[in-house]
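J.: Each chain is listed here by its residues.
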Amino acid sequence: MSDSGYALRLEGVTKRFGKHTAVSDFDFEVPRGVICGLLGPNGSGKTTSIRMIMGILHPDEGSVSLFGSDPDVTRRTKVGYLPEERGVYKKMKCIDLLVFLAEIRGIRRAEGRKKAGVWLERLGLSEWSDKRVEDLSKGMQQKIQFIGTVIHDPELLILDEPFSGLDPINQDTLEEIVRDFHQKGTTILFSTHLMDQAERLCERVCLISNSRKVLDADLKELKAAERKGIVAVEWEGDDRWIRGPEIDRIEEVDGGLHLILHDGADHQEILKRGVESEARILRFDLVEPRLHDIFVRHVGGAVGDAGMPANAGVGAA
Amino acid sequence: MWVNVWAVIRREYLQRVRSKWFIIATLGGPLLMIGLTGIPIYFATQGEEAERNIAVVDGTNVLYDRVAPGLEDGGYTVQEVRWHVDVVTELRERTTDGDLGGFILLDELTLETGEAVMYVASNRPSGLRRLTIRSTIARAAMEYQLEQRDIDAGALMSGGELRIEVLSEDGASTDDPAFIVAYMGAMFLYMVIFIYAVAVMRATLEEKTSRVVEIIISSMKPWHLMLGKILGVGAVSLTQMAVWLASGFLIMAAGIPMLIAMQPELAQLDNIREILPGIGMLFLFLGFFICGFFMYSGLYAAVGAMCNTDEEAQQAQFPMIMLMVVPIMFVMNVIQNPMTGLATGLSLFPLFSPILMWARVAGGGIPAWQVALSFVLMILATFAIAWVAGRIYKVGILMAGKRPTLPELWRWVREA
Numbered sequence: 001m002s003d004s005g006y007a008l009r010l011e012g013v014t015k016r017f018g019k020h021t022a023v024s025d026f027d028f029e030v031p032r033g034v035i036c037g038l039l040g041p042n043g044s045g046k047t048t049s050i051r052m053i054m055g056i057l058h059p060d061e062g063s064v065s066l067f068g069s070d071p072d073v074t075r076r077t078k079v080g081y082l083p084e085e086r087g088v089y090k091k092m093k094c095i096d097l098l099v100f101l102a103e104i105r106g107i108r109r110a111e112g113r114k115k116a117g118v119w120l121e122r123l124g125l126s127e128w129s130d131k132r133v134e135d136l137s138k139g140m141q142q143k144i145q146f147i148g149t150v151i152h153d154p155e156l157l158i159l160d161e162p163f164s165g166l167d168p169i170n171q172d173t174l175e176e177i178v179r180d181f182h183q184k185g186t187t188i189l190f191s192t193h194l195m196d197q198a199e200r201l202c203e204r205v206c207l208i209s210n211s212r213k214v215l216d217a218d219l220k221e222l223k224a225a226e227r228k229g230i231v232a233v234e235w236e237g238d239d240r241w242i243r244g245p246e247i248d249r250i251e252e253v254d255g256g257l258h259l260i261l262h263d264g265a266d267h268q269e270i271l272k273r274g275v276e277s278e279a280r281i282l283r284f285d286l287v288e289p290r291l292h293d294i295f296v297r298h299v300g301g302a303v304g305d306a307g308m309p310a311n312a313g314v315g316a317a
Numbered sequence: 001m002w003v004n005v006w007a008v009i010r011r012e013y014l015q016r017v018r019s020k021w022f023i024i025a026t027l028g029g030p031l032l033m034i035g036l037t038g039i040p041i042y043f044a045t046q047g048e049e050a051e052r053n054i055a056v057v058d059g060t061n062v063l064y065d066r067v068a069p070g071l072e073d074g075g076y077t078v079q080e081v082r083w084h085v086d087v088v089t090e091l092r093e094r095t096t097d098g099d100l101g102g103f104i105l106l107d108e109l110t111l112e113t114g115e116a117v118m119y120v121a122s123n124r125p126s127g128l129r130r131l132t133i134r135s136t137i138a139r140a141a142m143e144y145q146l147e148q149r150d151i152d153a154g155a156l157m158s159g160g161e162l163r164i165e166v167l168s169e170d171g172a173s174t175d176d177p178a179f180i181v182a183y184m185g186a187m188f189l190y191m192v193i194f195i196y197a198v199a200v201m202r203a204t205l206e207e208k209t210s211r212v213v214e215i216i217i218s219s220m221k222p223w224h225l226m227l228g229k230i231l232g233v234g235a236v237s238l239t240q241m242a243v244w245l246a247s248g249f250l251i252m253a254a255g256i257p258m259l260i261a262m263q264p265e266l267a268q269l270d271n272i273r274e275i276l277p278g279i280g281m282l283f284l285f286l287g288f289f290i291c292g293f294f295m296y297s298g299l300y301a302a303v304g305a306m307c308n309t310d311e312e313a314q315q316a317q318f319p320m321i322m323l324m325v326v327p328i329m330f331v332m333n334v335i336q337n338p339m340t341g342l343a344t345g346l347s348l349f350p351l352f353s354p355i356l357m358w359a360r361v362a363g364g365g366i367p368a369w370q371v372a373l374s375f376v377l378m379i380l381a382t383f384a385i386a387w388v389a390g391r392i393y394k395v396g397i398l399m400a401g402k403r404p405t406l407p408e409l410w411r412w413v414r415e416a
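Protein chains in written order, with the numbering used here: chain F, 1 to 317; chain G, 1 to 416.
Just chain F, same shape as in the assembly (with noise of 0.2 Å):
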């Protein structure tokens, strides 16, 4: 293990194929210990990314370092991947394709045969264990293909979509797991669209579309920052006081109102009016942004048209 505090880094990473360029002078760091988002609409860079960090794609230019160096066998092993295109061998026993998995971790048989066990029982697939993996459903071979990542307590997880696919009931174990990880001290990085979800999970996300980077930061310093202007307001009687210069525009959200304040509007100013009316104010509340707002507003002029709200729809419902 190194003394660097990253557990993972790129630097001015550059991918193009052909033509098109994939992703656009990457810098990204994933500081140990922390759950890091890697959002951007679909086509963005995002999987060419996670391929270069795990040595499937190599960068055009710039560098991946992996715990602080070279991102070589020995390293990578330490991670668990998921790629996001599952692959199994569906011919094998459940149990069987497991203790492969871990074994070319370089984890011993018998001990990898103990923990798939207590993996297939905690995503309560035990009675599988002997089946073939081509006998199980979609949603099943994506849990063993799971425990097939994190089966040997790798130092950093990086998950491509992890949660696509899967009934909430199973998001929900999934989820539950990534942050057991966090809490064991495991660095995990996964790309997702699915904005609520990485809203209750990520520490720090980095959002990138068309190629580049457009955020990286502290999730909690990101709201804070972008926290301006939203309110949710509730009353009975007059309505005259929710109109005045400060607000750009209104919004109906799960059957409240937000208002939409112009920047640097001071929502005081409403408030009074709005003390100062016949109106009986039930709500007043100042909104934090949405992520899935953060995104739209820094990706949708970017992409234009390239149909980020439509992907990035609440939890993608």
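Source of the hints: derived by calculation from the structure; they are not laboratory data.
Just so you know, not all the hints are guaranteed correct.
As the list claims (entries may be wrong) - Only pairs whose alpha carbons sit at most 20 Å apart, straight line, appear in this in silico EDC-like list of lysine to aspartate or glutamate:
| hint | chain 1 | residue 1 | chain 2 | residue 2 |
| --- | --- | --- | --- | --- |
| 1 | F | LYS91 | F | GLU127 |
| 2 | F | LYS93 | F | ASP130 |
| 3 | F | LYS220 | F | GLU236 |
| 4 | F | LYS19 | G | GLU408 |
| 5 | F | LYS19 | F | GLU85 |
| 6 | G | LYS221 | F | ASP72 |
| 7 | F | LYS91 | G | GLU206 |
| 8 | F | LYS93 | G | GLU206 |
| 9 | G | LYS402 | F | GLU85 |
Claimed, not checked - Facing chain F, from chain G, some residues (calculated, C-beta under 7 Å):
| hint | residue |
| --- | --- |
| 10 | THR60 |
| 11 | ASN61 |
| 12 | GLU214 |
| 13 | SER219 |
| 14 | LYS221 |
Beta carbons are placed, not taken as given, at the ideal position from N, Cα and C, and that holds for glycine.
Given the coordinates of chain F, work out where chain G should sit on it, guided by the hints.
T.: Relative to chain F, chain G alone:
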């Protein structure tokens, strides 16, 4: 580092050995062999149970004692019936009644020419039985005649002896047992090398298309994965051949005597054992197989790695198929004329050696240094192929998109 190569070998081996197809092919091969040879023989000798009881009427008074043991060895129960005027009528009746399977008449003419008459109820004896009876009678007559002239019947009748002194360096002719060994062995080598090399390609392709490879390559070097695959499939092939060869030997060594004990008229089958190659040839055969397998599976692994679909792989393996067909085209020629420059040259080319050098060795009469040289060349070729194929594999296995052109391949090899 080698732990994960071992894991790949182990997985590949167990998955394949446990598969239904492996079990069917491995056990089915010998069973098929037994079936193809055994069943016709079985049926040829069965169904005559009731007809085995035969009578012999010996008009010469000297033949019966010589004929009876031979017929009994041939599975008949024999009784002698003295000659009298109505003997034929009487035996006809007994035969049609089912009391006898038939009867044989021996007379003076039999002593002169070996001719005899056999009466049977309805079913003609099988060709094999007719041959047994005919030769038994002819032998008996010959033996008698020789003894009359004070000639050592035993030595002559046992078939004599022929010592062969080879003067030229000509190869085996097609009716020589060595020819059969050379030709069948070459064909078998072609078949198994091809089957298992293609198995390596398919395994590679499957790993690639199913995307498992991304996970595996993140934990081990591509070269190690390729090595593990080849060794794993190789171990499977050796297992299968061990079963085949062992059961082949068992059939020859134990099965044939057993069959002869049960059906004495099959005594000629014993000759088959004469053409069996010795243990030295067996090791030579395995040596050629292993070298051939390593060379071709390396090439096929590279093909598997550079393709994305079965169809693509079908096309891309064409050059390899050509490489394997050339020796098959020349194999006849090489067995018959093993010492020509063409035969020597072709058989020393490493990719042809497994088939052609084997054919020359098994056909007989080629210098040992050539065999040794071919092994040295094959081993060098194996390393060269592994080096090139390993580089193609390394790039190809993670590559999606269209199949590389030759210049691109060359770049992979140079840059990898």
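J.: Please go over all the hints and tell whether each is borne out by the structure.
T.: We went through each hint and held it up to the structure:
1. Restraint check for LYS91(F) and GLU127(F): satisfied, since their Cα atoms lie roughly 17 Å apart, inside the 20 Å limit.
2. Using a Cα cut-off of 20 Å, the hinted pair LYS93(F) and ASP130(F) holds, with the two alpha carbons roughly 5 Å apart.
3. Only pairs whose Cα atoms come within 20 Å are accepted, and LYS220(F) paired with GLU236(F) is rejected, the gap being roughly 34 Å.
4. Between LYS19(F) and GLU408(G) the CA atoms are separated by roughly 18 Å; this keeps the pair inside 20 Å, and the hint holds.
5. Simply put, LYS19(F) and GLU85(F) have alpha-carbon atoms about 24 Å apart, too far for the 20 Å limit, and the pair is violated.
6. With a C-alpha separation of about 9 Å, the suggested pairing of LYS221(G) with ASP72(F) holds against the 20 Å cut-off.
7. With a C-alpha separation of about 11 Å, the suggested pair LYS91(F) and GLU206(G) falls inside the 20 Å cut-off, and the hint holds.
8. Our distance criterion of 20 Å between C-alpha atoms is met by LYS93(F) and GLU206(G), whose separation comes to about 17 Å.
9. At roughly 19 Å between alpha-carbon atoms, LYS402(G) and GLU85(F) fall within 20 Å of each other, so this suggested pair holds.
10. This hint is violated: THR60(G) has a C-beta 73 Å from the nearest C-beta of chain F, more than the 7 Å allowed.
11. For ASN61(G), the interface hint is violated, the least distance from its beta-carbon to any beta-carbon of chain F being 76 Å, above 7 Å.
12. Given the 7 Å rule on beta carbons, the hint for GLU214(G) holds: about 5 Å separates it from the nearest Cβ of chain F.
13. With its C-beta approaching chain F no nearer than about 5 Å, SER219(G) sits inside the 7 Å limit, and its interface hint holds.
14. Proximity of LYS221(G) to chain F holds as hinted, the smallest CB-CB distance being about 6 Å (cut-off 7 Å).
Of the numbered hints stated above, those contradicted by the structure are hints 3, 5, 10, 11, listed in ascending order.
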